[in-house]
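Below, each chain spelled out in residue letters.
There are 2 protein chains.
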Amino acid sequence: MTDLPMNGANALIRTLLASGVDTTFMNPGTSEMHFVAALDDVPEMRGVLALFEGVATGAADGYARMAGRPAGVLLHLGPGLGNGLANLHNARRAHTPVVNIVGDHATTHAQYDAPLQSDIASIASSLEGWVRSATSPAAVAGDAAAAVHAAHGRPGQVATLILPADVCWLPSSGPAEPLGIPAHTPVEAARVAAVADVLRSGEPTAFLVGGTACLSGPLESAGRVCAGTGAKLLAETFPARLERGAGRVAAERLGYLAEFAQMQLDGLRHLVLVEAESPVSFFAYPDKASDLVPQGCTVHVLTVPGEDSSAALAELADLVADGAAPLFQAGGRPDRPTGALDAETMANAIGALLPEGAIVADEGNTTGLFVAGATAGAPPHDWLTLTGGAIGYGMPVATGAAVAAPGRKVLNLEADGSAMYTFQSLWTQVREGLDVTTVILNNSSYAVLNMELARVGATAGGDRAKEMLDLRRPDMDFVALARGMGVEQASRATTAEDFTEQLEAALAMEGPAVVEAMVPPL
Amino acid sequence: MTDLPMNGANALIRTLLASGVDTTFMNPGTSEMHFVAALDDVPEMRGVLALFEGVATGAADGYARMAGRPAGVLLHLGPGLGNGLANLHNARRAHTPVVNIVGDHATTHAQYDAPLQSDIASIASSLEGWVRSATSPAAVAGDAAAAVHAAHGRPGQVATLILPADVCWLPSSGPAEPLGIPAHTPVEAARVAAVADVLRSGEPTAFLVGGTACLSGPLESAGRVCAGTGAKLLAETFPARLERGAGRVAAERLGYLAEFAQMQLDGLRHLVLVEAESPVSFFAYPDKASDLVPQGCTVHVLTVPGEDSSAALAELADLVADGAAPLFQAGGRPDRPTGALDAETMANAIGALLPEGAIVADEGNTTGLFVAGATAGAPPHDWLTLTGGAIGYGMPVATGAAVAAPGRKVLNLEADGSAMYTFQSLWTQVREGLDVTTVILNNSSYAVLNMELARVGATAGGDRAKEMLDLRRPDMDFVALARGMGVEQASRATTAEDFTEQLEAALAMEGPAVVEAMVPPL
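Protein sequence lines, in the order shown, are assigned to chains A and B. For the first sequence, position 412 (counting from the first letter as 1) is numbered 412 according to my numbering, and the numbering increases by one without interruption. Take the position in the second sequence, starting the count at 1, then add 522; the result is the number in my numbering.
Looking at chain A on its own, in the form it has when it is part of the complex (with noise of 0.2 Å):
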């Protein structure tokens, strides 16, 4: 320490402490130099190292999904903004809280159009969050804590900070007072009412939750309310976290495939939304509808994202459910596979041996089918998913997930197109001995594009747009790319015993391990 006035990164990495904010997910370039600096003068501080922004962006998603408080991200101009922005769209769409932090040139700097100079607000205003450029040493520590606040929302959301390189270096007047974290906003006690007429009217009636309502307790609610009224539960499509698994309440996730979600659908005459969207297809297509709510079905709102759904669904619990208990989630496992490894016996095996508290960060795509139904009977887990759609999500939010949660092991599903957006998440899951296991579900395509090629009904489908589908020439080999991060434990199964018995192995060490599964599309 000096006797010299502190300076503004300094000030700004204590006032982040102080909020509650301790990790940073970093890939630093000149103008964050500062910054980084500042971490030896603040030990508290935890920086974790990413080779490329989106691994850094999606382990802040990853991290504050499990740690409930968002964690700071720190990237290099509007380029490195421009390579965290897809996992920053899947938080944004998850309401994950993310400090945000861009570094830029220096204030007196920016007049002179040097090369990395863009307009990185246009950028992030893409992001629909907060967005403040820090312009004077002297209001540093405090914009650090604005973001904090704005971060958490209510509902959690992306802030960005856009930092200038001479902010962080000049004096600063020091650390600022944290702003405290926002409640979820209280529910009117008419609106719970009214969804409790609904329910009194005996007629067909689902719930469809998200964001938090996706939690256990929020959950055993709606449980009670469902076993209380003979209303269906089912979760949104992709949640950020859904607690799930033996002794839970089970909430039936909203099918991918318009075509399934609509089947789940059928029939309702209501559908109450707990901080979910209404349904509509993840796509447009040719001569099919967006909106997937079927026709003579009223949609009311329990709950929009940032409101207390938990207090919510107990209060309507208690209107509604006369006691009743709610279906929990018998335990049970499949056995152990034998045979071909493929979508099915890959699923089994996880089925079998899914650890008790593991985090699962599933972006298994078309191969991860059959996953979820085998474990809704394995020990209570949570189930992390691809929110806002924005492929290489799963390897990256599976690094934040176990920095956030040490003790707990994460499995990472991850499908082998998406594992080449961000497999640089490896080398940071081995630099910090983080317990995650890789499942590279390696089908050589990009099988779920097989299958939107034909569903949006495109005219030819010949060789060459198949071409552009398929991973093969040359294949890849994930064991060699893992070996190539640093990870020692890497092996590939090509059968269902093979596999068992490598994910049986990955799942008793700890720290990282690849499993490469060879399926075949489905």
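Certain hints may be false.
[Said to hold, decoys possible] So the derived list for chain B, only partly shown, Cβ under 10 Å to chain A, looks like this: (1) P565; (2) L607; (3) R615; (4) H631; (5) W949; (6) Y968; (7) F1000; (8) G1006.
Because the hints were derived from the structure by calculation, they are not lab data. C-beta atoms are modelled at their ideal positions from N, C-alpha and C, and glycine is treated no differently.
Based on the hints, put chain B in the right spot on chain A.
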């Protein structure tokens, strides 16, 4: 072919072709499936698949730098554009023409705010180029023609066409007529005459050439001017494409380090800009000037990007050169190096072996310091550099350059840290059989940031800061990574002799090869 009316995707692709765009680098998703399907109807359009969007956008940059005409890029909504943004930023700074097609949800689907929706136009606006949303299948072909026209500029730019899915699948009114290629803007005689007057003053003068003035023709004219007047010839720090080597007029590049650039500019009374920006520091540093023009030096503009530098320089030479012959670079190569492998022996091996007509995609950063000197007298070749400072440009640009220039060897000098942003490029190189030799400069650190940490005068630079710049723990194995991506010819060199032999073997074969050079940090 069918009797159905041609859909929007088909009309768009045919218009691109008619406008001279016959190659599209792509990483498509569901909303782009009709574009992909149309590849079977229009076999003249070459689709090149990338595993990550930054590979596609960087490849389009490299392609156009060598082909002199744009390639198309096909990306998947806002997150796809985000992933591709860093290399589009580099293309923007290079004034490279790129036809950047970003698929979007169907126009009828936008109202539902489905998970992948975001404000694509905001992200694209950071590229400061032409942006248009195709809103109808009747207009989309005209939009495509306008996009190609806009991309050509002058100067070239990234033209972004946002392409809703239904605009692709609905019947169109067929292809549109090309809008032609804009000519370079002529330079008025008075401006040339004014620069001639400056030169006649006899005061110390330098030319700083950039953009198209770095091609051999304009360089030769600039060389005549300098030979006739004693002016100094400098090239911008990061030219998009510099033609150099034995028998060409050499232009010394302005140093990246401000201190070095200031030495090069010291004592000048006049600086004449030819498609170059007035020199500024790449980053700002505490207590250092951003503007590098020496006191007492007047800046003159001969041409700005988009203007006809070739004609202006020729005209100027006729006015002032008085028949003086330019100084052509003498031929000569370093000896094959022996002993320890370091930045200098690595450079000498490249100088000893660089083939005539090679295209060098240089992202060698600190370790690459000596390569330009060692190759100055090598047979004529092209040198491509990191125009916008967004890391991860080298491997994609090498990929695109190889697509544009079959029959020419591409040599990609790639620093280890930089390689990890767009490593997926190797897969596309294997798939397309591209003749690229990648030299990975493995010094196990973000060496440039270690240098910058000191230069920015950061207070501490203690262990925790240095850890954020250290790429050991774990060590990366680039041979394993290359094998994982399907590269068969991959090897690691630890001595100068090994490196020279491995590089020679890689250059002798046709197709992708990787040589990992283990070099200590400078």
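Here is what the structure says about each hint:
1. P565: 7 Å, holds
2. L607: 3 Å, holds
3. R615: 5 Å, holds
4. H631: B/H631 check passes; min Cβ-Cβ to chain A is 4 Å, inside 10 Å.
5. W949: Hint holds; B/W949 Cβ to chain A Cβ min 7 Å, cut 10 Å.
6. Y968: The hint holds - B/Y968 has a Cβ within 10 Å of chain A, the shortest such distance being about 9 Å.
7. F1000: 7 Å, holds
8. G1006: Constraint on B/G1006 satisfied, holds at 3 Å.
When each numbered hint is compared with the structure, no violation occurs for any of them.
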